[in-house]
Amino acid sequence: QCIQALENGIRLAEQAAQEGIVTLGTGEMGIANTTAATALYCAYLNLAPQDITGPGTGLGNAGIAHKIQVISSALELHASCIRAADPIDILAALGGFEIATLTGLLLGGASLRQALVIDGFISTSALVAARAICPPVLDYAFFSHVSAEPGFQPVLQALNARPLLNLGLRLGEGTGAAMAIFLLRCAANIYTDMATFAAANVHSGPK
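By our numbering, the letter at position 86 of the sequence shown is numbered 105, and the numbering carries on one by one without gaps.
Heads up, some of the hints might be wrong.
What the hints assert, rightly or not - Calculated cross-link-like contacts (lysine to any residue; reagent style SDA-like; alpha-carbon spacing at most 20 Å):
| hint | residue 1 | residue 2 |
| --- | --- | --- |
| 1 | K86 | D70 |
| 2 | K86 | L96 |
| 3 | K86 | A67 |
| 4 | K86 | P74 |
| 5 | K86 | R189 |
| 6 | K86 | I50 |
| 7 | K86 | H97 |
| 8 | K86 | P169 |
| 9 | K86 | G49 |
| 10 | K86 | Q172 |
| 11 | K86 | A98 |
| 12 | K86 | N65 |
| 13 | K86 | T76 |
| 14 | K86 | G73 |
| 15 | K86 | A104 |
| 16 | K86 | A112 |
| 17 | K86 | P173 |
| 18 | K86 | Q69 |
| 19 | K86 | A103 |
| 20 | K86 | A167 |
| 21 | K86 | L64 |
| 22 | K86 | G170 |
| 23 | K86 | T54 |
| 24 | K86 | A51 |
Said to hold, decoys possible - So the derived label-pair ranges between C-beta atoms look like this:
| hint | residue 1 | residue 2 | range |
| --- | --- | --- | --- |
| 25 | P155 | A206 | 15 to 25 Å |
| 26 | I22 | I50 | 21 to 31 Å |
| 27 | Q23 | A218 | 46 to 56 Å |
Derived by calculation from the structure, the hints in this document are not laboratory data. Source: prediction; values computed, not measured. All C-beta atoms, glycine included, are put in the ideal place defined by N, C-alpha and C.
All chains should be modelled from the sequences, with the hints used to inform the complete structure.
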């Protein structure tokens, strides 16, 4: 199933390229998939569940404690797989079908030199998986926003990433990526269309 999901994502990137799309924005829909994402971060980035597990869709303290326990149990169950450090095996053990498909999308997009605009907490776990499989994927990634999920800061630090927006978003579903794409488009327009001082005959001061 994991290979099937990866291949599905790669096909989506290829289809987008055939349609003339040069920028891919990620997003997901689901309930409880912050649990799988957190487990992947722990496995790939050597982070501790108690340090990065958050409320997701609104868990209280008891719910977060149970979530930490579930993630810790999954990491213990698959400890030998994690030690072996095969990135696809780790994704198969701890990820979901949607995260694996996003991982394939990012791998396919990078292979086609498409810009990859990463959404929030869950989409970034797909990028971390893709990076583990093929590290140069990270060169094509733009981090759209800082997720309000408390575990996101350690992840950003591990990736040395600086997202474009910090708006307290926690919705996912591609919302942050959609906004960031417009910001990137504005930046590209300024870079390519704005007149230079020389072109506008503006003096920059005495030399």
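Each hint tested on the structure:
1. K86 to D70: holds, 12 Å
2. K86 to L96: Holds: K86 and L96 sit about 15 Å apart, inside 20 Å.
3. K86 to A67: holds, 13 Å
4. K86 to P74: Roughly 9 Å between the alpha carbons, so the hint for K86 and P74 holds.
5. K86 to R189: holds, 18 Å
6. K86 to I50: holds, 13 Å
7. K86 to H97: With Cα atoms ~17 Å apart, K86 and H97 stay inside 20 Å; holds.
8. K86 to P169: holds, 14 Å
9. K86 to G49: holds, 16 Å
10. K86 to Q172: holds, 19 Å
11. K86 to A98: Between K86 and A98 the Cα gap is close to 18 Å, so the pair holds against 20 Å.
12. K86 to N65: holds, 18 Å
13. K86 to T76: holds, 12 Å
14. K86 to G73: Given that 20 Å is the threshold and the Cα spacing comes to 9 Å, the pair holds.
15. K86 to A104: violated, 24 Å
16. K86 to A112: Holds, at roughly 17 Å.
17. K86 to P173: holds, 18 Å
18. K86 to Q69: holds, 9 Å
19. K86 to A103: violated, 25 Å
20. K86 to A167: holds, 17 Å
21. K86 to L64: holds, 19 Å
22. K86 to G170: Roughly 13 Å between the alpha carbons, so the hint for K86 and G170 holds.
23. K86 to T54: holds, 7 Å
24. K86 to A51: holds, 10 Å
25. P155 to A206: 15 to 25 Å: The hint (15 to 25 Å, Cβ to Cβ) holds, given that P155 and A206 are roughly 23 Å apart.
26. I22 to I50: 21 to 31 Å: About 25 Å separates the Cβ atoms of I22 and I50, which means 21 to 31 Å holds.
27. Q23 to A218: 46 to 56 Å: With Cβ atoms ~52 Å apart, the hint holds.
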